[in-house]
Amino acid sequence: MTNRPQLPPEIARRRTFAIISHPDAGKTTLTEKFLLYGGAIQMAGQVRAKGEARRTRSDFMKMEQDRGISVSASAMSFDFDGHRFNLVDTPGHSDFSEDTYRTLTAVDAAIMVIDGAKGVESQTRKLFEVCRLRDLPILTFCNKMDRESRDTFEIIDEIQENLAIDVAPASWPIGLGREFIGCYDMLGDRLELMDRADRNKVAQSISMKGLDDPRLADHVPADLLAKLREEVEMARELLPTFDQRSFLEGHMTPIWFGSAINSFGVQELMQGISTYGPPPQPQNSAEREISPDENTVTGFVFKVQANMDPKHRDRVAFVRLASGHFERGMKMVHVRTKKPMAVSNPVLFLAADRELAEEAWAGDIIGIPNHGQLRIGDALTEGETLRFTGIPSFAPELLQTVRATDPMKAKHLEKALMQFAEEGAAKVFKPAIGSGFIVGVVGALQFEVLASRIELEYGIPVRFEGSQFTSARWVSGAKSVVDAFAETNKAHLAHDHDGDLVYLTRLQWDIDRIGRDHPDLRLTATKEMMV
1 MTNRPQLPPE IARRRTFAII SHPDAGKTTL TEKFLLYGGA IQMAGQVRAK GEARRTRSDF
61 MKMEQDRGIS VSASAMSFDF DGHRFNLVDT PGHSDFSEDT YRTLTAVDAA IMVIDGAKGV
121 ESQTRKLFEV CRLRDLPILT FCNKMDRESR DTFEIIDEIQ ENLAIDVAPA SWPIGLGREF
181 IGCYDMLGDR LELMDRADRN KVAQSISMKG LDDPRLADHV PADLLAKLRE EVEMARELLP
241 TFDQRSFLEG HMTPIWFGSA INSFGVQELM QGISTYGPPP QPQNSAEREI SPDENTVTGF
301 VFKVQANMDP KHRDRVAFVR LASGHFERGM KMVHVRTKKP MAVSNPVLFL AADRELAEEA
361 WAGDIIGIPN HGQLRIGDAL TEGETLRFTG IPSFAPELLQ TVRATDPMKA KHLEKALMQF
421 AEEGAAKVFK PAIGSGFIVG VVGALQFEVL ASRIELEYGI PVRFEGSQFT SARWVSGAKS
481 VVDAFAETNK AHLAHDHDGD LVYLTRLQWD IDRIGRDHPD LRLTATKEMM V
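In the numbering used here, the protein residues as written are 1 to 531.
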């Protein structure tokens, strides 16, 4: 990491990161507070607030606002402390994990939010594993310290044991639950005091000279102060001190404690990202490694969101710029089709608002409105043929057939389904025999979201029904072998929206049997979205 050339200042000040957590750990609230401190919004809205003015700003789909959950990953850019933050909010609900996995390919670091009472939960573990595969540096925020929460050492132990990563405390809580009054900032030697009366008020911060500073007694009750001194002394002996190199290599996570809803601990966390977080990192392609300081502009699509503006039926491709300095109106080459593409109206996102991006640098995430040309995994370059690697597509775990309740709208339904397939919201399979479509998703809640979006955005009421198939595998191998296999297994075959061959099956036994009977054929549960 040390022998890389110096990045140009504009690129070096970028911090591109995602927030990951189990549902309900307070991720959306934390995102809100980031936007508040970054000056992107004036007043943070509660997730389930009354009235339009207080709706969370990062959840723009109707279902997200109704249910108070994030189901699509959205990207937001804002400035803080001399740095440009590109924050990607990911769905916490496990039914939308595929969107999250793909999002993690576009960031350089992740913030893991855990609940002070519940500790490390199943979805956190799953997402953490994806970060580990990519060696992403992780910052941890232990939220909800103002509610009944577990002992601080217990929380840190659980993270170290469950996730096999060293934990270095960046702050230490003073009191727990109702007694929680703030934190001692161990990296900056400051006392941070929480104001329970005003949730949007910035915490009071007092500079200290170590834990023996007599002024501590003016702000912290004696019993809590004695406990704080004892615990911090133990922590310094038992736990590793923060080492930036170890953090950037993905072996250590600094942990901050706070309460996002009370705006407490958030600023220290943001300071942590700007001070210690990684600048834009090199990206991998099948051909070579792409360094962010290269002069030519390159980028890849990691997400497509259809109908962000229902009035315009538009689709926005989220592009992570991997290198160069992009300017509006640039001619880029769309590598998959080899066609030039003038990017005349790229957008930057500020919560639910968007503005035209006159320029962007490596590390930034821009939205490119298009009518279906751009798909997940597509590369945009100034002429070089590159294929970015590592963007996964997973075999669905649930399959259902879908029908329009009005048969006259069947043609429109096909168009709607193809849009969702290209957006990555679902897999759509066209069986080789018979009519209709089979839709595959990772989690059951996605069927509800799809049905509601197809009706809202296309005006087509649909019905999802059980399918005889339970799993899907992509088929690959030599053309003659695949053709012979296709001829004898027509009833089980379908094509996905890219036209790739898929084997649909009811039992794991079928998959094993094909492995035995057709050794030259490969059935895979993931497909790299390299185009």
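Among the clues, some could well be false.
Said to hold, decoys possible - With a cut-off of at most 30 Å between alpha-carbon atoms, the simulated DSS-like pairs for lysine-lysine come out as follows:
{"hint": "1", "residue 1": "Lys209", "residue 2": "Lys339"}
{"hint": "2", "residue 1": "Lys118", "residue 2": "Lys209"}
{"hint": "3", "residue 1": "Lys227", "residue 2": "Lys339"}
To be verified - Between beta-carbon pairs, the in silico distance windows are:
{"hint": "4", "residue 1": "Pro340", "residue 2": "Arg245", "range": "18 to 24 Å"}
{"hint": "5", "residue 1": "Arg132", "residue 2": "Leu456", "range": "53 to 59 Å"}
{"hint": "6", "residue 1": "Pro340", "residue 2": "Asp517", "range": "36 to 42 Å"}
{"hint": "7", "residue 1": "Glu327", "residue 2": "Lys479", "range": "51 to 57 Å"}
{"hint": "8", "residue 1": "Ser476", "residue 2": "Asp157", "range": "53 to 59 Å"}
{"hint": "9", "residue 1": "Asp24", "residue 2": "His325", "range": "36 to 42 Å"}
{"hint": "10", "residue 1": "Lys479", "residue 2": "Glu358", "range": "45 to 51 Å"}
{"hint": "11", "residue 1": "Gln244", "residue 2": "Asp157", "range": "20 to 26 Å"}
{"hint": "12", "residue 1": "Arg403", "residue 2": "Asp498", "range": "19 to 25 Å"}
{"hint": "13", "residue 1": "Asp212", "residue 2": "Thr389", "range": "52 to 58 Å"}
Keep in mind that the hints were calculated from the coordinates and are not lab data.
Just so you know, these numbers come straight off a predicted model, no measurement behind them.
Virtual Cβ for every residue (Gly too), placed ideally from N, Cα, C.
Structure-based check of each hint:
no.	hint	in the structure
1	Lys209 to Lys339	62 Å, violated
2	Lys118 to Lys209	34 Å, violated
3	Lys227 to Lys339	66 Å, violated
4	Pro340 to Arg245: 18 to 24 Å	43 Å, violated
5	Arg132 to Leu456: 53 to 59 Å	38 Å, violated
6	Pro340 to Asp517: 36 to 42 Å	47 Å, violated
7	Glu327 to Lys479: 51 to 57 Å	44 Å, violated
8	Ser476 to Asp157: 53 to 59 Å	45 Å, violated
9	Asp24 to His325: 36 to 42 Å	40 Å, holds
10	Lys479 to Glu358: 45 to 51 Å	48 Å, holds
11	Gln244 to Asp157: 20 to 26 Å	23 Å, holds
12	Arg403 to Asp498: 19 to 25 Å	23 Å, holds
13	Asp212 to Thr389: 52 to 58 Å	53 Å, holds
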